[in-house]
Amino acid sequence: MSKFVSVLAFSLIASGISEAISYALVYRTDQFQHLKQKIIQNELKLEEEKQVVGGSGSGKHRQRRIESLEAMLSAARSKAGGLQLRSTVMVGVMQLLFIYVVNLFFRGQIVATLPFEPLSMFRSLTHRGLPEDSPSNACSATFVFVLGGLVFKSMLDRCLQLGLPKGSSLPKWVTNPEDVIAGK
Amino acid sequence: MGVEAKQNTQKLTVWQKAFLRDENWKKDELREAVFWLIEAFSAALGLVFGVLGLRGLPCLMAFFASAIAVPSVYCTSFLGVDEQDYGGKMEILGDSVGTGAATFVLAWVGFYTVLHG
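First to last, the sequence lines map onto chains U and C.
Using numbering that gives the first Met the number 0, you'd call the opening residue of the first sequence number 0 and step up by one each time.
Using numbering that gives the first Met the number 0, you'd call the opening residue of the second sequence number 0 and step up by one each time.
Hints in this document: simulated from the structure, not taken from any laboratory.
Predicted, not measured: the structure shown is a model, and the values here were computed from it.
Hints may contain errors.
Some chain U residues near chain C, calculated using beta-carbon distances under 8 angstroms [what the hints assert, rightly or not]:
no.	residue
1	Phe3
2	Ile38
3	Pro114
4	Gly147
5	Leu149
6	Val150
7	Arg157
8	Leu159
9	Gly162
Backbone N, C-alpha and C fix where the C-beta goes; we use that ideal spot for every residue, glycine too.
Here chain U stands alone, though its shape is the one from the complex (with noise of 0.2 angstroms):
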């Protein structure tokens, strides 16, 4: 369990370390401040909009003034998402240095036991490091590493809240089916 647990932290470690770093690149330049700011505001009257019923301005008018606002925000994030491409390729490869030493420091040992038979697609994840005749059920501590890497990212981007909005991460097709058949 102690290994459990050391993986884990330093999966914290580098969860942070990753942060920093986008922070330093990214996060705190002027420029990306601009253009979050923006995001936000345009979201807030995109939402606003899209809330109104009937009024002035109501029908076209009114569905002009959402596509041009949603063409605004898609600008503004794509611009955005050039400026943090830096901070993402800086990030890989610190992330691919952190789990290189991951398996240095644990090759071989079997840090956690799984309570299920891993699909054959994930062994080369759950069994990376192990010996070949390692139980089914063994877990290397690569998996436990990537794991944590995923949960503390996203929870260290949703309390520190340096990056842009989420917006909508998912593609219209996901969220709305029904609308992209119905051709809106």
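Following the hints, position chain C against chain U.
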């Protein structure tokens, strides 16, 4: 009295609104509340499954089913929110279920290892 009530409502944080019925919610606030609900639920369910020593992929299926049902019930029955006003169930859940799944598996594996490994 009505103006004071409205001003008090406007001052409420997401955490305060999460325990009150029939409040006005912005989409981002609702997604934040649902995210933390799913995280807490995932950790709790992983703990229960790990302590009870439950095994097998059906536990994972049970998690996914409940991770979608629980926030839905919370939003519609407790908060009194119509999910369609915010773009539908998936728009509110966003990427919360993915993070919740990772939390669930970590808690489940951790407690199972301690007690039954």
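Each hint tested on the structure:
Below 8 angstroms, beta-carbon pairs count as interface contacts, and Phe3/U has one with chain C at about 6 angstroms; its hint therefore holds. Checking Ile38/U against chain C by beta carbon gives a least distance of about 11 angstroms; that is not within 8 angstroms, so the hint is violated. Given hint, Pro114/U at the interface with chain C, holds; its Cβ is 4 angstroms from that chain's nearest Cβ, closer than 8 angstroms. The beta carbon of Gly147/U is positioned within 8 angstroms of a beta carbon in chain C (closest approach about 7 angstroms), and the interface hint is therefore held.
Hint on Leu149/U holds. Least Cβ distance to chain C is approximately 4 angstroms, under the 8 angstroms limit. For Val150/U, the interface hint holds, the least distance from its beta-carbon to any beta-carbon of chain C being 5 angstroms, beneath 8 angstroms. Annotation: Arg157/U was flagged as interfacial toward chain C, and the flag holds, the nearest CB pair being 6 angstroms apart, inside 8 angstroms. Using the Cβ-Cβ criterion of 8 angstroms, the hint placing Leu159/U at the interface with chain C is not satisfied: the shortest such distance is roughly 13 angstroms.
Against a cut-off of 8 angstroms between C-beta atoms, the interface hint on Gly162/U is violated, since the closest Cβ of chain C lies about 13 angstroms away.
When held up to the earlier numbered hints, the structure conflicts with 2, 8 and 9 and fits the remainder.
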